[in-house]
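Peer 1: The chain contents come next:
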Amino acid sequence: MKKLIASGTQSVDSLQKSHGRNWTLMEKLFLGLTLPQYVGQALRNPLNWIFAIIFAVGIPIILGRFFFGLSWVTHSSNDYPWGLFLGFGLFGMVPLSSSGFLLGTSCVVFGRHDLEPMERLGLLNGLLGYFFAVVYLLIDLGQPWRLPFPMVVSFGPAAVLFLVAWHVSTYLSVQIAEVSTSFFEWIGFPIGIRAIRKITLGLTVSGIILSTLHQGALGALFTYAPGKVHPLWYSSSYQWIHFFVSSIPGGLCMVITVSTIASKTMSWRFDKRFKESLDRITISLAKGASMGLATYLTIKLMSIAHDNKWAYFATGWGEWYLVEIFIGVILPMFMLAYAIHHKNMAIIRFGALLVVIGIFLNRLNVALITFNWKLPYREIPHWREFIVTLTVYALYIVVYRFILYRLPILYEWRVEKEFAPAYVTETESTPLRLAVAYAAETESTALENSDTATS
Amino acid sequence: MKRRDFLKGCLVSGAAASLCAPSKSWAVGSFEGYPDSMGVLVDTTRCIGCRSCEAACNKEQKLPEPDVPFDDTSVFKEKRRTTEKAYTVVNRYEANDAQKPPYRKMQCNHCNEPGCLTSCFVNAYTKTKEGAVIYNAEVCVGCRTCMVACPFNIPAYSYSSAISPIIKKCIFCYHTRLKFGKPPACVEICPQEALTFGLRSDLIKMGHERIRETPDRYVDHIYGEKEMGGTSWLYLSRVSAEQIGLDTTLGNEPIISNVKDFLGMVPMVLTIWPALFTGIHLLATRNKNHGDVHDNHSEQEDGKK
Ligand code: SF4
Ligand code: SF4
Ligand code: SF4
Numbered sequence: 001m002k003k004l005i006a007s008g009t010q011s012v013d014s015l016q017k018s019h020g021r022n023w024t025l026m027e028k029l030f031l032g033l034t035l036p037q038y039v040g041q042a043l044r045n046p047l048n049w050i051f052a053i054i055f056a057v058g059i060p061i062i063l064g065r066f067f068f069g070l071s072w073v074t075h076s077s078n079d080y081p082w083g084l085f086l087g088f089g090l091f092g093m094v095p096l097s098s099s100g101f102l103l104g105t106s107c108v109v110f111g112r113h114d115l116e117p118m119e120r121l122g123l124l125n126g127l128l129g130y131f132f133a134v135v136y137l138l139i140d141l142g143q144p145w146r147l148p149f150p151m152v153v154s155f156g157p158a159a160v161l162f163l164v165a166w167h168v169s170t171y172l173s174v175q176i177a178e179v180s181t182s183f184f185e186w187i188g189f190p191i192g193i194r195a196i197r198k199i200t201l202g203l204t205v206s207g208i209i210l211s212t213l214h215q216g217a218l219g220a221l222f223t224y225a226p227g228k229v230h231p232l233w234y235s236s237s238y239q240w241i242h243f244f245v246s247s248i249p250g251g252l253c254m255v256i257t258v259s260t261i262a263s264k265t266m267s268w269r270f271d272k273r274f275k276e277s278l279d280r281i282t283i284s285l286a287k288g289a290s291m292g293l294a295t296y297l298t299i300k301l302m303s304i305a306h307d308n309k310w311a312y313f314a315t316g317w318g319e320w321y322l323v324e325i326f327i328g329v330i331l332p333m334f335m336l337a338y339a340i341h342h343k344n345m346a347i348i349r350f351g352a353l354l355v356v357i358g359i360f361l362n363r364l365n366v367a368l369i370t371f372n373w374k375l376p377y378r379e380i381p382h383w384r385e386f387i388v389t390l391t392v393y394a395l396y397i398v399v400y401r402f403i404l405y406r407l408p409i410l411y412e413w414r415v416e417k418e419f420a421p422a423y424v425t426e427t428e429s430t431p432l433r434l435a436v437a438y439a440a441e442t443e444s445t446a447l448e449n450s451d452t453a454t455s
Numbered sequence: 456m457k458r459r460d461f462l463k464g465c466l467v468s469g470a471a472a473s474l475c476a477p478s479k480s481w482a483v484g485s486f487e488g489y490p491d492s493m494g495v496l497v498d499t500t501r502c503i504g505c506r507s508c509e510a511a512c513n514k515e516q517k518l519p520e521p522d523v524p525f526d527d528t529s530v531f532k533e534k535r536r537t538t539e540k541a542y543t544v545v546n547r548y549e550a551n552d553a554q555k556p557p558y559r560k561m562q563c564n565h566c567n568e569p570g571c572l573t574s575c576f577v578n579a580y581t582k583t584k585e586g587a588v589i590y591n592a593e594v595c596v597g598c599r600t601c602m603v604a605c606p607f608n609i610p611a612y613s614y615s616s617a618i619s620p621i622i623k624k625c626i627f628c629y630h631t632r633l634k635f636g637k638p639p640a641c642v643e644i645c646p647q648e649a650l651t652f653g654l655r656s657d658l659i660k661m662g663h664e665r666i667r668e669t670p671d672r673y674v675d676h677i678y679g680e681k682e683m684g685g686t687s688w689l690y691l692s693r694v695s696a697e698q699i700g701l702d703t704t705l706g707n708e709p710i711i712s713n714v715k716d717f718l719g720m721v722p723m724v725l726t727i728w729p730a731l732f733t734g735i736h737l738l739a740t741r742n743k744n745h746g747d748v749h750d751n752h753s754e755q756e757d758g759k760k
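In order, the protein sequences belong to chains A and B. If you count the first sequence from 1, position 361 lands on 361 in my numbering, and the numbers rise without skipping. To convert, count from 1 in the second sequence and add 455; that's my numbering.
Hints are computed from structural coordinates only; laboratory data are not their basis. Ideal placement from N, C-alpha and C gives every residue a C-beta, glycine not left out. Check the hints yourself; a few may be wrong.
Keeping only pairs whose Cα atoms sit at most 20 Å apart, straight-line, the calculated EDC-like set for lysine to aspartate or glutamate is [said to hold, decoys possible]:
1. A/374 to B/533
2. A/28 to A/271
3. B/540 to A/79
4. A/374 to B/702
5. B/534 to A/379
6. A/374 to B/697
7. A/374 to B/549
8. B/715 to A/307
Residues from chain B that keep clear of chain A, each with C-beta distances beyond 12 Å, as calculated [claimed, not checked]:
9. 491
10. 500
11. 526
12. 529
13. 536
14. 554
15. 629
16. 652
17. 666
18. 670
19. 680
One chain only, chain B, in its complex shape (with noise of 0.2 Å):
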């Protein structure tokens, strides 16, 4: 009998290890995105806050009309972030002396190593090898975890709707322009090409050599190039990263990273566990009766202490 059950319970934690054995492989092999992964240079020592992009987005993706028109600047009395109705918005932030005040167009950046994509238990998430991170509606189950994991609090929620509330965030126009190569909507219509659309690759060294080639006009520092294990969508700026909203305490380290303690100890847990308490059983029950422990009520009765 209980070397049945022993067995029983190796079966099924048997079983639970191996479905656990891939996620282990995967989350600790690092990955360092797709080569040819595409990404925006967001030079915010050009940005005006002309909000442009804000409208070109909206009707890109086919989002409801805007609370405030997208030619109302009174909007930067207050930092916004994204919602279900706006995938991109502009913030104005404090300069430093003189300057003009510095701008950030903030929206998905489409990290290498995405820190929704590793949470979803659905796996809704897609990283594109054009470089998107792009979301399948149709599995989410709207438990928000991706929200809760992208360090950027960029994924919004549709609460309103009961039916089929679903993530909202900008998906780099993957369906209707990256797809096929094209630039997406806000950086095709930025008047300042403060967006320039490329080749990750190619925007990093594009980065440095602005910063080389007019150092009092940037600092020296690409924040997305390696921040939280590197993003696609990378910024130049006249101040340091975080006057500009930017999350500077973040680390390198993809989001991932933080999560290997606990899913490399599953394993140890799941083939351990069960040979470790069956032995306690065993050692702990020896002198009692060697039947089924709880057949027998009454000379557990007696046999208490």
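Chain A with its partners taken away, still in its complex shape (with noise of 0.2 Å):
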């Protein structure tokens, strides 16, 4: 793509072609390239290659755990109901997703517009997680076409699992509301740009009461399970506390490491505003990071003395507790104090990928790795399951790459207003309208349903 574009082509960042003409949507998905430029660039990427031998592996495994049933895919232990998809898949990415609600809210409620140019990543980067931690899901359950029963047809209001499963979709839909701005001024629907900048404040704000729930949620579900998680990891009163806080640093670094790889990779769609703050910006999210790294630690250390169990750290347990918290947290923390000072970006960057891999570490200990210490084996996941885990990210890498080589998540979409009437043409269509409107219409029932469910 670089090449192309240092060869003349023009990518796509408003709704015009040059003198007047707008785009055709065929030519936005092609990003301005013909057909043969555009399978041309794909096949000279050697990740692609990379992707298309996952998925041909992976996607018939997926079918296949669909036919045959789980027990084909995992050892289908009754010790350890929960395996890769939901530890690594649910636990792992959705705290690594909280980027959605930070940015939201620092460039919204807090009114930090300097965050501006990385709202729109943190955003998608929080859609993007939460959806497929909800793919992880419907692999992993054992009937997912039920998935909506919560909802609708039996509940178990004291649950912990009742609340993820009404906030993580309720969130979803805010999400997608908040993500759907891009996409509208992409496709050129000004009306529903609008109808989203109206209810922005009140998306953000409902955001971050969810996120906080369900985040911490996911902690206390492991407080179910006082006898199995090791003492180390699990904490009856501080658990979800755990789990919230230790999202923060998470989504803050998933997005520095997501905008570190973009820069390697597709610097061609960053615009001017963009590639000048992304420095800036990465060094005011690593701030929001160590502090919030600071602040895990602290809580973590706190649980321990709490409950009193500093004698744990003699065992083997003790030292892979050790070497979770000094990968994830101690180590990352003082690269990110040493590199802000020193506005050292590469190892401002390195931190926050040893935060992320950290997230996961921790994440899979307690699901996992840890769960069920007191049994004399442990559960080594089936080749299968790791394939399939993989192929979902594999996935997520993918669906992720192709809204940001056409969405404005990196680059502003220019608006010229004198081409203003341009939009009229395009909003005329009135499929389109249709499926916009229906889309709104979906998202304020899901919102009735909630408030006439609970009444």
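Dock chain to chain to rebuild the complex, using the hints, since each chain is given by itself in its own frame.
Peer 2: Laid out in structure tokens, this is it:
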């Protein structure tokens, strides 16, 4: 792509392709390239070949899971009901997706307009993370077609998972609404943009509430298993705080990591504003993350002290715990502090990556690695389980890239006032309008439903 | 505009608050179990490991053929757990001295405040007034949280089914027997009368009586009287509870007490957060443009430091 742009190809960043002519949808999808050009650049990218191999192996296995049952892809363990799909996919992806609410909050609620160029990436990262967490969940559930049951058929309101189900689904629609602005700009639908802008604050505030609760709730889920989660990772009063607080640096560092990867692989998509503010914003995010890490470390120690669990440090579990804390919290904390001071971008970015790894490690430790520590055996997931997990993650990356290439996330959509009438031709197309109106309606009914269900 | 957003925020969260309010009151109220709850007293000193209860359960619950026949004692070489094919299993444990090794039958303990029940987000479990914890496969989504939440590692899952996998566990023979006041199949068949069926309250008295009458035969403890909020199935033993594989570190609080801290804070977040953050927003943006923060990109560009 970089080469193509250098050779004079124009990338789509506004409704009009130069002299007053609108881009067609096809052209937008193909990034303003011709079909042969598009296919050519896709084939030249070695990453696509890797993805192709992963999908060729993984997608049949995912289908197989639905034909032959979970026992075909997992060890069907009764002692480890939750495997990699949830341990990695749900418990790992959700905290890394807190970026949506964090950046939304800083920009909209705290009025930190300096972070704005990054806001959309944060929102998108949140949306995709949640969406794919739900994909993992659907693969893992025994009867995924019953997922709406807790909303419509049978209620278990004392269950933490009930709260998670309601909040994640509501929050997913909130995030779709938040990200839809970029989509409306891209397809040229100003009414939708204005509608969303009107409710931005409402969306953001409900995002904070929903996020606090379900990030915490994922931790609280493990308080159902006091005898199974290892005491060092368990705390009946602090568990939800641990999960919630660690999701803050997690989400911020995930955005840093994603933007780093993007700047290495798709800088052609950055506009001047994004490119120029990237380092500055990365430092701001890193500051937030290091504060989050410090808080996290403090409450981690507090909970150990609170239940007086120091003795466990003398065991192998304790060493493993220290490894996790060191890699995921202490080391990056110092790296970030040092690098913020010296404005060393490389170290910040590496530290952020460590935090992301640390979050995955922590969630896997709680859900899988140290789970059932009293049982004599450890469960190693089935190889098919690894492949399915990898395939879904690859799918996540592909979708992520697809959107970043197209929607105005890393660049600002150029709106030229004098061409304004051009909107009209686009919005005239009724099916489009219907679709959007429908989307808006489902959104509002979802909210209404939650109202009526409760009254 | 802002006021309306604020109200909207309050509305959404208020709705959610009312949604969670019942959960809180339920969770915090402590529940002592039904007064006429039935139970079974398992006297492990009488059990000889004949596995006839396993066979009876298999027949009563129409479970598939076992991998190893029920008269084969080679199964005692390892510790087994309940599975989708076996709602109850008997395990052999190490003896203290020259005595015969103790055996223990395990199955669902039918807790007074079951972890499985409280964790299920579609309320698939019911604690009946007879004391049985039964399960409704019709609503189960298959999240398997109940398996995580059961402190005794009892529920199993029929992973092998692609279309309708469900939770499999002992249901106290509720539908075929308990409902009609009859003892469960496993109890009826036991040749040693190691299992006694009766009112839970009577069984506790009986247990203490046995301990008093023959103190050298028992440790002075009925496992399940208080453990995890109390269970309908109770255990007597010659050796300590942990020696026969019963977890003694769980304490006497039911599972739900561990979750209370979180459930209790939910309504707080729901009521305080909207006001708090909307307030912060008003403060943070007071000196900037009062219009919609997003409407004017160029102005913000100027305003940023
Ligand atoms: S023993 Fe386990 S499955 Fe049985 S009632 Fe108690 S928590 Fe539920
Ligand atoms: S697996 Fe079924 S019964 Fe168990 S908690 Fe989930 S929905 Fe409830
Ligand atoms: S009570 Fe019934 S279901 Fe439970 S172990 Fe005994 S025979 Fe099986």
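Peer 1: Determine for every hint whether it applies to the structure shown.
Peer 2: Hint check results:
Of the supplied pair hints, the one linking residue 374 of chain A and residue 533 of chain B holds, its CA atoms being roughly 16 Å apart against a limit of 20 Å. As the CA atoms of residue 28 of chain A and residue 271 of chain A are separated by approximately 17 Å, the hinted pair is consistent with the 20 Å bound. For the hint linking residue 540 of chain B to residue 79 of chain A, the alpha-carbon distance of about 15 Å falls within 20 Å, and the restraint holds. This hinted pair checks out: residue 374 of chain A and residue 702 of chain B have alpha carbons roughly 10 Å apart, not beyond 20 Å.
Simply put, residue 534 of chain B and residue 379 of chain A have alpha-carbon atoms about 16 Å apart, close enough for the 20 Å limit, and the pair holds. In summary, the hint linking residue 374 of chain A to residue 697 of chain B is supported, as the alpha carbons are separated by about 12 Å, within the 20 Å threshold. Distance check on the hinted pair: residue 374 of chain A and residue 549 of chain B sit about 18 Å apart at the alpha-carbon level, within 20 Å; holds. Between the alpha carbons of residue 715 of chain B and residue 307 of chain A the distance comes to roughly 17 Å, so the proposed pair stays at or under 20 Å and holds.
Residue-level check passed: residue 491 of chain B sits 24 Å from the nearest beta carbon of chain A, beyond 12 Å. Distance check for residue 500 of chain B against chain A: the nearest CB is about 25 Å away, which clears 12 Å, and the non-interface claim stands. Listed as outside the interface, residue 526 of chain B is consistent with that label: its C-beta sits roughly 25 Å from the nearest C-beta of chain A, beyond the 12 Å cut-off. Taking the minimum C-beta to C-beta distance to chain A, about 19 Å, the non-interface status of residue 529 of chain B holds against the 12 Å cut.
Chain A draws residue 536 of chain B into its interface by the beta-carbon criterion, the shortest separation being 7 Å against a cut-off of 12 Å. The Cβ of residue 554 of chain B sits about 24 Å from the closest Cβ of chain A, beyond the 12 Å cut-off, so the non-interface label holds. At the 12 Å boundary, the C-beta of residue 629 of chain B stays outside the reach of chain A, the nearest C-beta of that chain being 19 Å off. For residue 652 of chain B, the requirement that its beta carbon stay farther than 12 Å from each beta carbon of chain A is met, with the minimum near 27 Å.
The claim that residue 666 of chain B lies off the interface holds: its Cβ sits roughly 26 Å from the closest Cβ of chain A, which is beyond the 12 Å cut-off. Distance check on residue 670 of chain B: its Cβ is at least 30 Å (rounded) from any Cβ of chain A, clearing the 12 Å threshold; non-interface status holds. With a minimum CB-CB distance of about 18 Å to chain A, residue 680 of chain B clears the 12 Å threshold, and the non-interface call stands.
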